[in-house]
Amino acid sequence: MAQEKTKRKKQIQTLKKVMQFIGKHWLFLFLSILLGAVTVALRLYLPILIGDAVNFIVGKENVNFHGLFAILQTMAIIILLTAGAQWLMNICNNKITYQVVQDIREKAFRKLEILPLKYIDSHSYGEIVSRVIADVDQFADGLLMGFTQFFTGLVTILGTLVIMLTKNVGITVVVILVTPISLFVASFIARKTYMMFKLQSETRGEQTAFIDEMIGNQKVVQAFGHEKEAMEQFDAINNRLSSCSLNAIFFSSITNPSTRFVNSLVYTGVALTGAMAVVKGTLSVGDLTSLLSYANQYTKPFNEISGVVTELQNALACVARVFELIEEEAQTPDAVDAVEKTQVDGRVSLQNVNFSYVPEQKLIQNFSLKVKPGQRVAIVGPTGCGKTTIINLLMRFYDVNSGSIQVDGTDIRHMTRRSLRAGYGMVLQETWLKAGTIRENIIMGKPDATEDDILTAAKASHAHSFIKRLPNGYDTWIGEDGGSLSQGQKQLLCITRVMLCLPPMLILDEATSSIDTRTEIRIQKAFARMMEGRTSFIVAHRLSTIREADIILVMKDGNIIEQGNHETLLAQGGFYANLYQSQFSM
Amino acid sequence: MKKILKYLKDYRKESILAPLFKMLEASFELLIPLVVAAIIDTGIPNRDNSYIIRMCAIMIALGIIGLTCSLTAQYFSARAAVGFATKLRHALFSHIQSLSFTEMDTIGTSTLITRMTSDVNQVQSCVNMVLRLFLRSPFIVLGAMVMAFTIDWEAALVFVVTIPLLCIVVFGVMLVTMPLYKKVQAGLDKVLGITRENLTGARVIRAFNKEESEIRYFTNHNQLLTAMQVHVGKIAALTNPFTYIIINGAIVVLIYIGAVRVESGILLQGQVVALVNYMSQILVELIKMADLIVNITKSVACGDRIQSIFETETSISVTEKKEGWDKKETDSYAVEWDHVCLTYQGAGAESLTDINLKVRKGQTVGVIGGTGSGKTSLIHLIPRFYDVTKGTIKINGIDVRDYPIEELRRKIGIVMQKAVLFKGTIRENLLWGNKEATEEELWEALETAQAKEIVEGKEGGLDSNIAQGGKNLSGGQRQRFTIARALVRKPEILILDDSASALDYATDAKLRKAIRERKEQMTVFIVSQRTSSIQYADQIIVLDDGIAVGVGTHQELLQTCPVYQEIYYSQFPKEEQ
Numbered sequence: 007m008a009q010e011k012t013k014r015k016k017q018i019q020t021l022k023k024v025m026q027f028i029g030k031h032w033l034f035l036f037l038s039i040l041l042g043a044v045t046v047a048l049r050l051y052l053p054i055l056i057g058d059a060v061n062f063i064v065g066k067e068n069v070n071f072h073g074l075f076a077i078l079q080t081m082a083i084i085i086l087l088t089a090g091a092q093w094l095m096n097i098c099n100n101k102i103t104y105q106v107v108q109d110i111r112e113k114a115f116r117k118l119e120i121l122p123l124k125y126i127d128s129h130s131y132g133e134i135v136s137r138v139i140a141d142v143d144q145f146a147d148g149l150l151m152g153f154t155q156f157f158t159g160l161v162t163i164l165g166t167l168v169i170m171l172t173k174n175v176g177i178t179v180v181v182i183l184v185t186p187i188s189l190f191v192a193s194f195i196a197r198k199t200y201m202m203f204k205l206q207s208e209t210r211g212e213q214t215a216f217i218d219e220m221i222g223n224q225k226v227v228q229a230f231g232h233e234k235e236a237m238e239q240f241d242a243i244n245n246r247l248s249s250c251s252l253n254a255i256f257f258s259s260i261t262n263p264s265t266r267f268v269n270s271l272v273y274t275g276v277a278l279t280g281a282m283a284v285v286k287g288t289l290s291v292g293d294l295t296s297l298l299s300y301a302n303q304y305t306k307p308f309n310e311i312s313g314v315v316t317e318l319q320n321a322l323a324c325v326a327r328v329f330e331l332i333e334e335e336a337q338t339p340d341a342v343d344a345v346e347k348t349q350v351d352g353r354v355s356l357q358n359v360n361f362s363y364v365p366e367q368k369l370i371q372n373f374s375l376k377v378k379p380g381q382r383v384a385i386v387g388p389t390g391c392g393k394t395t396i397i398n399l400l401m402r403f404y405d406v407n408s409g410s411i412q413v414d415g416t417d418i419r420h421m422t423r424r425s426l427r428a429g430y431g432m433v434l435q436e437t438w439l440k441a442g443t444i445r446e447n448i449i450m451g452k453p454d455a456t457e458d459d460i461l462t463a464a465k466a467s468h469a470h471s472f473i474k475r476l477p478n479g480y481d482t483w484i485g486e487d488g489g490s491l492s493q494g495q496k497q498l499l500c501i502t503r504v505m506l507c508l509p510p511m512l513i514l515d516e517a518t519s520s521i522d523t524r525t526e527i528r529i530q531k532a533f534a535r536m537m538e539g540r541t542s543f544i545v546a547h548r549l550s551t552i553r554e555a556d557i558i559l560v561m562k563d564g565n566i567i568e569q570g571n572h573e574t575l576l577a578q579g580g581f582y583a584n585l586y587q588s589q590f591s592m
Numbered sequence: 389m390k391k392i393l394k395y396l397k398d399y400r401k402e403s404i405l406a407p408l409f410k411m412l413e414a415s416f417e418l419l420i421p422l423v424v425a426a427i428i429d430t431g432i433p434n435r436d437n438s439y440i441i442r443m444c445a446i447m448i449a450l451g452i453i454g455l456t457c458s459l460t461a462q463y464f465s466a467r468a469a470v471g472f473a474t475k476l477r478h479a480l481f482s483h484i485q486s487l488s489f490t491e492m493d494t495i496g497t498s499t500l501i502t503r504m505t506s507d508v509n510q511v512q513s514c515v516n517m518v519l520r521l522f523l524r525s526p527f528i529v530l531g532a533m534v535m536a537f538t539i540d541w542e543a544a545l546v547f548v549v550t551i552p553l554l555c556i557v558v559f560g561v562m563l564v565t566m567p568l569y570k571k572v573q574a575g576l577d578k579v580l581g582i583t584r585e586n587l588t589g590a591r592v593i594r595a596f597n598k599e600e601s602e603i604r605y606f607t608n609h610n611q612l613l614t615a616m617q618v619h620v621g622k623i624a625a626l627t628n629p630f631t632y633i634i635i636n637g638a639i640v641v642l643i644y645i646g647a648v649r650v651e652s653g654i655l656l657q658g659q660v661v662a663l664v665n666y667m668s669q670i671l672v673e674l675i676k677m678a679d680l681i682v683n684i685t686k687s688v689a690c691g692d693r694i695q696s697i698f699e700t701e702t703s704i705s706v707t708e709k710k711e712g713w714d715k716k717e718t719d720s721y722a723v724e725w726d727h728v729c730l731t732y733q734g735a736g737a738e739s740l741t742d743i744n745l746k747v748r749k750g751q752t753v754g755v756i757g758g759t760g761s762g763k764t765s766l767i768h769l770i771p772r773f774y775d776v777t778k779g780t781i782k783i784n785g786i787d788v789r790d791y792p793i794e795e796l797r798r799k800i801g802i803v804m805q806k807a808v809l810f811k812g813t814i815r816e817n818l819l820w821g822n823k824e825a826t827e828e829e830l831w832e833a834l835e836t837a838q839a840k841e842i843v844e845g846k847e848g849g850l851d852s853n854i855a856q857g858g859k860n861l862s863g864g865q866r867q868r869f870t871i872a873r874a875l876v877r878k879p880e881i882l883i884l885d886d887s888a889s890a891l892d893y894a895t896d897a898k899l900r901k902a903i904r905e906r907k908e909q910m911t912v913f914i915v916s917q918r919t920s921s922i923q924y925a926d927q928i929i930v931l932d933d934g935i936a937v938g939v940g941t942h943q944e945l946l947q948t949c950p951v952y953q954e955i956y957y958s959q960f961p962k963e964e965q
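Protein sequence lines, in the order shown, are assigned to chains A and B. With the first letter of the first sequence counted as 1, position 583 gets the number 589 in the numbering used here; the numbers rise by one all the way through. With the first letter of the second sequence counted as 1, position 347 gets the number 735 in the numbering used here; the numbers rise by one all the way through.
Note that these hints are calculated values from the structure, not bench results. Ideal Cβ placement from N, Cα and C applies to all residues, glycine included. Misleading hints may appear alongside valid ones.
Here are the computed lysine-lysine pairs in the DSS-like style, where the Cα-Cα straight-line distance is at most 25 Å [stated by the list, open to error]: (1) Lys286(A) with Lys173(A); (2) Lys234(A) with Lys394(B); (3) Lys570(B) with Lys676(B); (4) Lys840(B) with Lys368(A); (5) Lys878(B) with Lys901(B); (6) Lys225(A) with Lys799(B); (7) Lys225(A) with Lys811(B); (8) Lys113(A) with Lys22(A); (9) Lys749(B) with Lys799(B); (10) Lys225(A) with Lys859(B); (11) Lys234(A) with Lys878(B).
Rough simulated footprint, nothing fancy, chain A against chain B, three-plus residues with beta-carbon under 8 Å [what the hints assert, rightly or not]: (12) 439 to 449; (13) 491 to 497; (14) 597 to 610; (15) 683 to 694.
Here are some chain B residues the structure puts well away from chain A; computed CB gaps all over 12 Å [said to hold, decoys possible]: (16) Lys397; (17) Ser415; (18) Lys746.
Turn these sequences into a full structure, and let the hints guide you.
Listed below in structure tokens is the structure:
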């Protein structure tokens with residue numbers, strides 16, 4: 007029961023949040039409501055006119071054509087007005103719905119840009135994407151339906167009741183007495199199905215994540231002939247989805263027939279009491295006609311509303327997942343007094359830094375390091391020793407647990423992220439390019455770069471020669487994740503990207519690992535020039551790079567075990583010396 | 389769209405019963421106006437209260453039967469729709485898996501995901517609606533007309549004019565909106581693409597402080613999408629007002645004609661009421677039908693998009709299992725390239741030109757060359773990720789195209805440049821190599837791949853979890869696990885495509901040593917940028933711009949191949965030799 011309550015509370019909260027988004031479009035909302043009211047009023051007036059018309063047609067040679075014509079004329083005008091108002095209302099509703107959806111999607115996307123990387127690293131892309139796309143889409147459908155039918159439905163019910171009251175109190179009372187049954191049935195079913203829809207939505211998310219993983223890495227799947235197993239796993243999820251979908255769909259679809267049945271009871275009630283009243287002479291046949299058609303119109307909105315309610319439940323479940331994302335805790339915002347450093351000299355120091363991704367597994371402990379401007383720091387060590395962790399900390403993708411990292415003597419937590427990151431040029435091990443032209447990818451860090459700048463940078467990084475051979479040169483469109491470019495070409499582009507900005511500090515994460523050595527040697531020369539006077543951190547295993555470093559950090563198991571330059575470390579005869587010699591051991 | 393409907397076949401019973409029961413329900417509904425007319429024309433003039441009560445009882449009975457029919461229909465249609473969607477997703481997933489590298493390169497992952505998820509959902513809800521309504525609505529519309537004819541044929545002519553008119557409006561709107569919905573879906577694809585991109589590239593985007601411009605980019609496309617949706621919505625919103633005008637206009641005419649007929653004594657007052665009732669019933673059904681049509685319009689667009697995936701045939705033709713193909717295997721060469729050329733689809737120039745190379749069983753072959761020189765293309769031809777455009781590749785003396793594809797790939801263990809692992813445990817990932825591998829074999833592979841310590845260092849050992857994409861592992865760890873995975877299958881041919889790039893030299897060296905010491909007689913291909921990795925290979929092939937500029941041993945190439953010399957001396961300056 008308590009669970010039920012919190013669930014309800016959550017639904018109401020979600021609804022409130024949705025209302026905030028809708029509230030922004032109050033003008034359209036106001037128009038929509040106004041037009042809705044007009045439509046409904048006119049629609050309700052029509053049966054009265056029909057009833058009056060029927061009253062003029064009493065029997066053989068007893069038809070009042072004069073009165074009839076007047077009424078038919080009014081009817082024609084009313085019909086046109088109704089249609090016009092309805093059309094405008096539909097347009098307003100469309101506008102509100104899609105605007106709200108646009109706003110929510112945008113808000114979700116904005117959130118993506120400020121979510122801590124911890125969140126992104128620990129959630130599957132497919133699941134997050136499904137929240138921003140599929141869930142929002144479902145919500146749009148529900149909302150639109152809600153708009154077009156919920157409000158007009160309500161007004162129709164109220165309006166009908168009022169008119170019926172003026173016609174005949176007894177019949178109206180019958181109608182009002184039956185109504186709660188209909189409402190009860192609808193809300194009972196809606197409550198039952200909410201959980202089913204939620205389960206469906208979750209299972210869909212799971213399936214999307216699985217598809218993302220398997221289809222996204224199809225090459226590996228095929229190479230290992232893993233298609234059958236993938237298919238089996240897929241089927242397992244698919245079958246689960248199938249059964250929870252069946253539940254959700256069937257049970258929610260009970261609503262309509264059930265309320266329709268209740269409505270037929272209402273209709274019969276009106277026919278019965280109405281006919282009796284006509285027999286008694288307290289009601290005309292025309293009035294009975296319009297009462298019956300009101301009973302129809304009165305019950306129809308219940309059908310619609312209950313349909314809408316289920317759809318809204320589904321929509322709410324979906325949008326709740328989106329809100330969950332939107333309300334996810336963002337990275338700690340820049341401090342109010344954060345400094346915007348436009349010029350950094352490249353002094354970096356780490357003091358007693360402690361860091362771990364999960365509390366149970368300690369990684370970097372009590373680590374201190376002082377780097378003078380222009381110095382080169384090579385980070386070496388066996389794979390998996392935590393080299394990339396240092397990058398995460400330097401760039402402030404993650405915050406240190408204790409201790410501090412300073413650039414130019416300022417704690418990086420007291421700098422704006424923007425200015426900190428602008429101070430670094432980064433080439434990561436995993437190349438990432440956005441769908442767009444080569445040029446767009448190169449100018450990422452410097453959108454106002456001139457053609458000359460771009461060419462100079464591309465030539466310096468030796469990307470120019472392959473770019474100019476592409477079908478459209480610098481304007482060649484490359485697809486998702488670099489599309490048809492080779493790993494090495496992608497890497498060259500990533501280097502060009504940094505080459506263009508030349509920030510005072512560099513972070514190179516095994517940047518040249520996929521580039522052939524002929525090109526690499528040239529790049530390294532360009533790098534050497536680029537690194538001149540720039541503080542650089544290089545995660546590398548190329549001996550030439552390491553040898554030229556001012557400081558070599560030797561890492562193992564997340565800790566710095568040795569620190570010094572090539573000569574002193576070799577002389578020490580420790581871990582580094584071992585590592586170095588092993589290259590020639592075979 | 390048509391072709392995907394075949395997945396409904398297994399639900400033939402449900403697909404027939406659902407509309408049938410709906411129709412039953414509808415026929416009971418059609419009787420109601422007649423009952424009401426009877427009350428007005430018989431019960432009221434005769435002041436017969438018991439007749440009225442009897443008629444009302446009939447109405448309630450009709451309601452109960454209607455409810456039962458409708459629930460049955462609802463159940464069958466839900467079953468059919470969900471079952472259909474499940475089958476469709478299964479078929480789609482299976483088809484996508486059969487696509488070769490060439491098609492995957494051109495279609496792109498995010499489109500495939502939308503098609504498998506939101507497109508299929510849309511089609512599912514459409515099938516559900518269609519099954520419930522496609523017979524019911526036309527049946528009521530036509531039924532109402534037939535009933536009108538039984539009352540008075542002249543008045544019924546109004547129905548004959550009205551119904552086609554309604555159809556024109558409804559179908560006209562459908563024709564106009566159909567292509568527009570396709571555009572909307574494409575817009576949604578774009579928005580999805582951007583979202584995905586921003587997740588995969590979160591680090592780079594933040595490093596370059598591109599958050600704001602990415603938001604602008606997204607907002608832009610998001611707004612475009614909204615604009616399109618609003619535009620389509622405007623047109624679709626015409627349906628209801630138009631049908632309203634037509635139906636109610638018809639009612640006006642009907643009342644007039646009715647009045648004339650009553651005046652001349654042909655019709656009764658109650659019968660006019662019944663006629664008007666039938667007309668309003670048409671309106672109710674038409675609104676439903678219009679919804680249905682909008683839904684169908686959207687779904688046909690989605691269905692077509694799904695079908696276009698089905699129509700994308702894999703470019704790798706699968707060989708029918710020929711009897712005795714394996715008996716032809718000879719011992720001559722493990723792998724043999726014979727005048728091989730390769731041109732990628734849509735590419736202007738050849739990526740590999742006239743490659744000739746013979747590799748004996750158990751040999752280690754080094755492949756080296758500049759970026760884009762065709763190293764990966766060369767080895768991707770062995771498991772038929774792409775097919776040659778000229779020449780042949782033979783394994784054990786048989787053209788790779790004559791092998792059943794599973795047999796072929798079972799012979800090969802490949803480690804790709806990009807180290808990909810899957811969500812699950814380490815064990816599950818390793819078993820990809822060979823489902824039947826024993827615990828011992830797994831550890832053996834891990835040891836060779838220099839990954840034993842990593843597993844031992846984990847609390848769960850082999851059963852430790854790997855997050856999606858191996859995100860909880862470092863690049864080097866991932867790479868070693870992918871190597872272990874390939875080794876687990878004990879392949880005849882092992883391909884390491886620059887797969888030690890994230891390993892330090894020491895580990896790389898140990899890895900190569902361990903592979904050499906394995907008991908099986910594997911033929912090994914090592915693609916690398918480092919001469920130290922391939923120096924001791926039995927044969928080295930040097931590629932430059934898709935052409936083999938040198939084949940031989942390290943010593944031979946150092947003497948004869950200028951490209952090789954250049955590469956080697958760039959890594960090992962002469963004075964250190």
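Consistency of the hints with the structure:
A hinted pair counts as satisfied when its Cα atoms are at most 25 Å apart, and Lys286(A) with Lys173(A) qualifies at roughly 15 Å. For a cut-off of 25 Å, the pair hint linking Lys234(A) to Lys394(B) stands: about 23 Å separates their Cα positions. Between the alpha carbons of Lys570(B) and Lys676(B) the distance comes to roughly 23 Å, so the proposed pair stays at or under 25 Å and holds. Restraint check: the Cα-Cα separation between Lys840(B) and Lys368(A) comes to about 21 Å, which is no more than 25 Å; the hinted pair holds.
With a CA separation close to 17 Å, the supplied pair Lys878(B) and Lys901(B) stays within the 25 Å bound. The suggested pairing of Lys225(A) with Lys799(B) holds, with an alpha-carbon distance near 16 Å, which does not exceed 25 Å. A distance of roughly 16 Å separates the Cα atoms of Lys225(A) and Lys811(B); the hinted pair therefore holds under the 25 Å criterion. Our distance criterion of 25 Å between C-alpha atoms is met by Lys113(A) and Lys22(A), whose separation comes to about 16 Å.
For the proposed pair Lys749(B) and Lys799(B), the alpha carbon gap of about 13 Å is at most 25 Å, so the pair holds. At roughly 19 Å between alpha-carbon atoms, Lys225(A) and Lys859(B) fall within 25 Å of each other, so this suggested pair holds. For the suggested pair Lys234(A) and Lys878(B), the alpha carbons sit about 20 Å apart, so the restraint of at most 25 Å is met. Taking a C-beta to C-beta cut-off of 8 Å, the stretch 439 to 449 of chain B contributes 6 residues in contact with chain A, enough for the three needed, and the coverage statement holds.
With 4 residues having a Cβ less than 8 Å from any Cβ of chain A, the stretch 491 to 497 of chain B passes the three-residue criterion, so the hint holds. With 9 residues bearing a CB less than 8 Å from a CB of chain A, the stretch 597 to 610 of chain B meets the requirement of three and the coverage assertion stands. Three residues within the 8 Å Cβ limit are the bar, and the stretch 683 to 694 of chain B against chain A gives 0, so the coverage statement is violated. Listed as outside the interface, Lys397(B) is consistent with that label: its C-beta sits roughly 17 Å from the nearest C-beta of chain A, beyond the 12 Å cut-off.
For Ser415(B), the non-interface assignment is confirmed: its Cβ lies about 14 Å from the closest Cβ of chain A, beyond the 12 Å cut-off. Chain A leaves Lys746(B) outside its interface by the beta-carbon criterion, the shortest separation being 24 Å against a cut-off of 12 Å.
When the structure is compared with the earlier hints, a violation turns up for hint 15 alone.
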